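With chain A's structure known, arrange chain B on it following the hints.
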Amino acid sequence: MRLLSDPLPLRVAADLPRYRAEAAARVLPWVYGRVTLSPVPLDDAGLDWLVADHPVVAVEAVRSAGKALDGWQLVQRLDETGRAIATVRLTRAPEAELAVQVVGRRDDTSGALLEHPAAIAADLLRRCGWSPAADAFQGLRDDFPGMALGLVFAERETALRAAIGRVIEPLGAVWFADPPTARRRALGVPVTTLDVRVVDQVTAEASAGDLATVARSAFAYDWAANGARQSVTVQAPDAVREFGLLEVEMDLGGVRTARDALAIAQARLADLARPSWTIRATVDGGLQVERGESVTMAHPRVPAGAALVLSTARDRARGTLELVLWMPAGAAPRVEMTQRGQAVDASRPDDSVTYKDGVATFTITDAGGNPLAGAAVTLDGQETRETDAQGRVQFRTERGAHTLDVYLAGYAPFALEVMV
Amino acid sequence: MRAQLRIETVPPVVLDVLETGAERAALNGEVPSVAVVLDNARGEAAARLAVPPLRARAVLLIDDVAVFTGSVQAVTLADVATLSLEG
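Top to bottom, those sequences are chains A and B. Here the first sequence is numbered in my numbering, starting from 1 and rising by one per residue. Here the second sequence is numbered in my numbering, starting from 421 and rising by one per residue.
This list has only true hints and no planted wrong ones.
Using C-beta positions, here's what the derived DEER-type ranges look like:
no.	chain 1	residue 1	chain 2	residue 2	range
1	A	E155	B	I482	49 to 59 Å
2	B	M421	A	E155	58 to 68 Å
3	A	D315	B	E506	29 to 39 Å
4	B	A455	A	R280	15 to 25 Å
5	B	P452	A	Q394	51 to 61 Å
6	A	D210	B	V485	26 to 36 Å
7	A	E249	B	A455	24 to 34 Å
8	A	A401	B	L447	36 to 46 Å
9	A	D195	B	E439	22 to 32 Å
10	A	T296	B	E439	31 to 41 Å
Covered stretches of chain B, as calculated for chain A (at least 3 residues, CB under 8 Å):
no.	region
11	453–463
12	466–479
13	487–500
These are computed hints drawn from the structure, not numbers from a lab. Fair warning: this is a prediction, and the values are worked out from it, not measured in the lab. Heads up, the beta-carbon is just placed ideally off N, CA and C, and yes, glycines get one too.
Chain A extracted, bound-state conformation (with noise of 0.2 Å):
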């Protein structure tokens, strides 16, 4: 069994009898969810690619400079050394960089692709030799019901412990490993008191380099363009007029939908957005208290009020029991979304953007990809027209890199980065 400190057991191209040699360094990935990435080559005439190592459930597409291939085929195979691995064989070798959408890793009993948080930080332990039980991180489907990730492991360095916070820490969640638990970073119901009977030594600190009162979260991510593709921009407005524009980057890369980026990005923000005491505690060794639940604080030298236990450290030779614990103070802030941005390639047939004869047309959507008619789209900042009831607006414009503000009654305001 690995400890949450050993790197995942990854393998490289060399670890193959067969791979091509300057690809001999690349990671084999593993995959979880939805994800677009960018596959390993196997052979030196470009027609074998690996996908991931490990069967996948699908692949949906595969593309050569944004173009979408047809003669491709998924084979899911034993490697030479007996491993299963996903492949995509092509008909002739690409003219540029490939990229493949994967449905990635199933369940090994369930055969149901592993794509909750909850199920891919199970599978991560399972990979590494533990045995978690069905319900491992069960806070995790309780508190983020219907969440779906998509994320990809290509680092040869990665630790477990890293691994599993990449999956949970961005949701806003906190999480331990024996036995498997995590939940949202909430107060829950006090467990106890700590009062002057059993707090032998005590302090708070609270920082201004804690407060962030602007979040701009980039989601969904694309590991063969190595990059976010979309973001969505939130602000507590209270928060703002009271400490300033306090911004702060999310990394929520494994988030693929909109909606969920944006409920994190609001849950994550109000509490960023207002005031927090770290909490240092000696206590009686005899209390029981775990990490994850909440005490009520009552000694007179610190606020009082409810606190989550961040983490406990017990000194069986003094008989204590140290805590650090986490207090919000004063009332959680509004947090409204002020922008979402999306990122978008010309060069992709099936995105939203063609051009021909100095004209642009974009197709402009929600985040389900429904067209969004009657939308003032406004292109550089200059120019303002409407889309159409196809939700398509046409301008006259240079190739090249520009800017969509798009605004429509009912939705938040959103920017599209656009390459035509």
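For chain B alone, coordinates are given in the frame of chain A:
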């Protein structure tokens, strides 16, 4: 000598100061700073600073004369309360 800290919240809060640290300043734009220590033996500071006045403007007064103006960057509560002010 009487030292007080006036924190410009709404409404303003005026607290008696036990002691102040050195007023730090340096060349090349380093932000001047000072640590202000308040009594917290009976939890007075903990009660008044339960919502820490982070980034609020604060003025250190010695005998009613302003000697340092800054914003509250950090608050630490223990036997005493320490507020870090940056100019």
